[in-house]
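Kindly generate the complete structure, drawing on both the sequences and the hints.
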Amino acid sequence: MKADSLAAPERLVEWISSFFDVPPVDVRRFVASRERGNSASSREGRRWQDALIEREIPQGASVLDLGCGRGDLLSRLAASRSVRGQGVELDPGGVEACIARGVPVIQSDLDEGLRDFPDGSFDFVVLEETLQTLRSPMTILEEMLRVGGRGIVSFPNFAFWKVWTDFALRGRMPVTSSLPYRWHDSPNIHLFTFRDFADWARASGVRLAAVHVRSGEGVRRYGEGDDFRGEEMLVVVEKDRIPSGTGRESEER
Amino acid sequence: MERENRTITHRDVMPSDSVGWTEAGKVRLFSEEEPFVTELGGRLPSVEVEYETYGALSPGGGNAILVEHALSGDAHAAGRDRAWREQGRPWRASRPGWWDSMIGPGKAIDTDRFFVICQNVLGSCYGSTGPGSIDAGTGRPYGRSFPLVTVGDWVRLQARVLDELGVERLHAVVGGSLGGQQALEWALAYPGRVDRVAVLAAAPSLSAQGLAFNAVGRQAIMSDPAFRNGDYYGGPLPASGLAAARMLGHITYLSEEGMELKFGRRLKPEREGGFGVEFEVESYLDHQGRSFVERFDANSYLYITRAMDYYDASRWGGGDMTEACRRIAADVLVVSFDTDWLYPPKACRLLARALTRSGRRVTYVNLSSRYGHDAFLVEAEELGRFLKPFLEQGRRAR
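The listed protein sequences derive, respectively, from chains W and R.
Counting from 1, position 117 in the first sequence corresponds to residue 117 in the working numbering; the numbering is continuous, with no gaps.
Counting from 1, position 232 in the second sequence corresponds to residue 232 in the working numbering; the numbering is continuous, with no gaps.
Rather than coming from a laboratory, the hints here were simulated on the basis of the structure.
A hint or two may mislead.
Which chain W residues face chain R? A few, computed with CB under 8 Å, are given here [stated by the list, open to error]:
id, residue
1, Ala100
2, Gly102
3, Ser136
Everything numeric in this text was worked out from a predicted model, so none of it was measured.
Idealized CB from N, CA, C, for every residue including glycine.
Here it is, written out as structure tokens:
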């Protein structure tokens, strides 16, 4: 399969329809390859994001990590960036691990909002792989930018070509490495695409300060065709304001 | 001064994770010329404080943990009291200290690592000066002439006692319920002296419902004919009033679910009939009331519940708890229990919120338990899961 090299979605659709008679792809290996469960146990899969986030965050910044799991990111940032970190996590096992690492953590359900935190109280608010599991994703996005100067959000891109080819070929809810759940046991109740996210940003006066894309093992800056080739996205967002012309602004795509 | 209490350890009769035999120490402070002046202006020319310690103070002195007791608690937090007979405290003969499940070698509050101190509060009846103590001015027990005391007074006095013990800085202050409020008060009153504070099943102040329960408890005591306006020492005690107050208290310490599971509507095997003790739950409360009368002073109950009523940590911020929290330098752990209706999760959560809003380093956990408010005493294992790493974690730079 050479689908990865197909940039335009229209061509991909043509390609798929021409193969409509082929047997469905075997997706069971994806299911087995990934641990199911709460955010604390799925933290393993976030290593690529943690490294990127580390690069985004300057020395001495303050960071609020929503769904912080076992505190991996915050303890990493405390060590390498001397950040003032605060975590929010629902899973008691995650909370326990955070305490042992000296990461302050509030046990709380993100669907209850961020009322604990005042306006502009953190430089960065991080939400990794959780947005699509929330009942009110819009509320959390707005809250993130109320509480933090910048938001860092990562999510599986539902327009990733393997997702919709899997759907088109099997006629069943797609199961891929970044969406390893079946329809009935999935925590992902609000699936969306990168374009959906960009639409929200535009409509809400939110600027995408940086977009990183993971596709397979590769991680890169967002580029042409990544709306469909990106399996997971990591986006740095901030409230739109007049560009100040500082170094960070040049990252605007 | 007694600091090391493990000169004799009876491993045969006590589990290996017990602190062993304990013996209380006493500190006498203040004088006629320099009395202890309470927050509300009362004067005590002489104050005695009973305390116990477990473990050893490290050479640098950085391993001291102050444990705070709740309403009916005492300085005997762990181990077995060697002097129960001489002190006339038979209820200690067969029972270890009130938080023995949490304090000991290898336990959540690990006495192999930490030097643990517990002091009996002013106004209590377990060795520290209280309404049952003799007023040197009259030669008779203080009774109701004892000044009203506050949580602030307790903490200020505890700090003085620590001075006497040579403990400058506290690694942590830990307490549940009214003890949790003392821990919080420590963080507010002595921000430079404490690194960690664990507030368990407690909030910055008691709710209206909590005030109401305390009022009914006190009313039961004061309307007992034997109470005689607090001047009952040497005569019959206001036992039925104090027992009723304790029974009411126990209802607030349990959860509806816990009570249902423990007693349900089961009847006692030997029923008394009529308005006697019929149900298991009645029998339980009856027992709690009776045994409390043997070990607690009614006046102390009045004074301590009043201190609990008055306590409002937000006074440090002019009524604004977030403002108050800005004083705090310690890392704070707040733990609530989902079935606690005396200090419900909602109230504890607001404390955590005030702390985060003021930019403090705070950890909040809401634990699931069927034991209600009592969970902080009962759920040693679950609580230890969070308290132990909190106490043992290295402090990170801000």
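Evaluated hints:
no. : hint   : in the structure
1   : Ala100 : holds (4 Å)
2   : Gly102 : holds (4 Å)
3   : Ser136 : violated (19 Å)
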